[in-house]
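Protein chains: 2
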Amino acid sequence: MAIEVVLSIDIGGSLTKVGLVTRDGNILDKVLFKTNAQRPFPTFMKKLQLEVEHLQSKFNSEIKICAIGVGAPNANPFTGLIENPPNLNWGQATPIQRILNQTYKLSVTLANDANAAALGEMLFGSAKGMKNFVVLTLGTGLGSGIVVDGQLLIGEHGTAGEIGHVNVDPKGRMCNCGLQGCLETYASVTGIKRTVFELMADMYENSPLKSLSFEEMTGIEISDAALTGDKLALAAFEKTGKILGSKIADTIAHIDPEAIILSGGLSKAGNVLLNPVKMHMEQYLFNAYKGKVKVLLSTSTSADAVLGPAAMAWLELRNIHIG
Amino acid sequence: MAIEVVLSIDIGGSLTKVGLVTRDGNILDKVLFKTNAQRPFPTFMKKLQLEVEHLQSKFNSEIKICAIGVGAPNANPFTGLIENPPNLNWGQATPIQRILNQTYKLSVTLANDANAAALGEMLFGSAKGMKNFVVLTLGTGLGSGIVVDGQLLIGEHGTAGEIGHVNVDPKGRMCNCGLQGCLETYASVTGIKRTVFELMADMYENSPLKSLSFEEMTGIEISDAALTGDKLALAAFEKTGKILGSKIADTIAHIDPEAIILSGGLSKAGNVLLNPVKMHMEQYLFNAYKGKVKVLLSTSTSADAVLGPAAMAWLELRNIHIG
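Line order of the protein sequences matches chains D and X.
Counting from 1, one number per residue, gives the positions in the first sequence under the working numbering.
Counting from 1001, one number per residue, gives the positions in the second sequence under the working numbering.
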């Protein structure tokens, strides 16, 4: 009998990941390709179809694709559109749900990448068995997915969970969204890089990071430097953790979750990030929450981004069968 | 046939309100008495029982009390307890749900006052027909109730919606919760009074507010002064509106609601508060939300606090009948 899988598509500003994922989160196969975000959407669709064909051809009748899950920036589950994505040159509204549905004759579930990640953690990762939690994806930006009582918080207009754009400082850093002082300008891979450069101006310690240009430096170099005790990198993690921790305290004062789960590139730094986040979060927490909320590292979507959209597709299939 | 009512009890730090409320939000009768918060709970219970007896005796068999709704600070719907209320000298945990249930042999629904207010607005007030909204009660402190998809957001530990304690400024005003810079130290009746005194130090304009001591001044005098064009009072509303508006933008970035509803004493100032809140909120809003979220004044729980716990009791009765 053919193995039942879902086709999971994680669209990022630079890379798109496509995978075949079983009900229990086993990734049978996957492929990565450049999104080529500056090219129009039809160019992307052609590439995607070729890659999917290639994946399918490896398995033929051994697998049965049951549904499609798509995670993408600015994806709206109500409209089925990718709306005004700042990092994709696809125009105001791309009807990706309809196009994929027509192409593959399968149910297509769509959500923004961070919301998909939250469901990935719930089904396959750190949030297994939890009903109230928040996932923060610390990548190029800061995405978030909020789960309340076992359901994704979608909101009135399909755009809940933009915690990356809460305000840290009205006179703070310029954000590519047009606002000033957004959390993601501090707490993301790009944010910590900006902090490193700020600290290079303030501090005089030697650091291997000083040999890299702004364009060259990645989160990995900052993490690696911190793990070898580099003072500049450690100070950057301390500052990032303080800002992120204080804002997580604000999120908890809204949602009262069981846990906050950190995912994405920056979370791979582990305790170097986790420790200052926890410390400052506890310091800013209202009494009712102190000592009650866990901060965990992602064990699913950080390992593989395709697990987010895959979880979404499997949950949708479950709803169809129940409903 | 007897009119079906619920017994609604709104416990505040200074006053307790008890009312008999019909299914459609008609208050048949109500009574106010001093909570005497420094006295122990049994003293309060005796007074409450007397007042309830008195209310009942006015109607006798004309009414049938179907359930009890209680709104109180730090009330936890999961445990049925009032837990560590900062303004009530009742000890760590008062099992008010159990005691009222045993006394009156009726189902007792408990929530904190702001959560009750949110349900009051949904059933009887500004949020009629809405499924996603947030109520902010601007009284002595700042309480909040969040409704997601038609359900009160309760959280993992029963304590969601403490927006009064999100951080405005880590070096800001001391809060009676022990933290520093909490939103309620700025955006509440007490908060705007503190702002008036701060501005009296900064500004030199004459103002009728200058004849009042800190202890004498109430929110009403500040509102009245603002409505007659007093510069000091207007500056205080502008500053309050700016801080509240910017933090409402953060709340929207979590919840994506249809509306924010302002209730409580300070909301009675009307447009003098509403206009700066709206303006600054829009300024800080992430693009996806700009122009989409209404800010409204309470039409229910501001008019009468007993409508909050009453709504809770009626919703619980509906659940019992459906469930």
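Treat the hints with caution; some may be incorrect.
Unchecked claim - Beta-carbon label-pair distances, calculated as ranges:
(1) D:T79 - X:G1150: 19 to 25 Å
(2) X:R1318 - D:L227: 55 to 61 Å
(3) D:Y104 - X:F1078: 41 to 47 Å
(4) D:T79 - X:G1129: 17 to 23 Å
(5) X:F1078 - D:Q56: 44 to 50 Å
In short, the hints are calculated from the structure, not lab data.
Every residue gets a Cβ at the ideal spot worked out from N, C-alpha and C, and that includes glycine.
Checking each numbered hint in turn, tell me which of them this model violates, lowest number first. none
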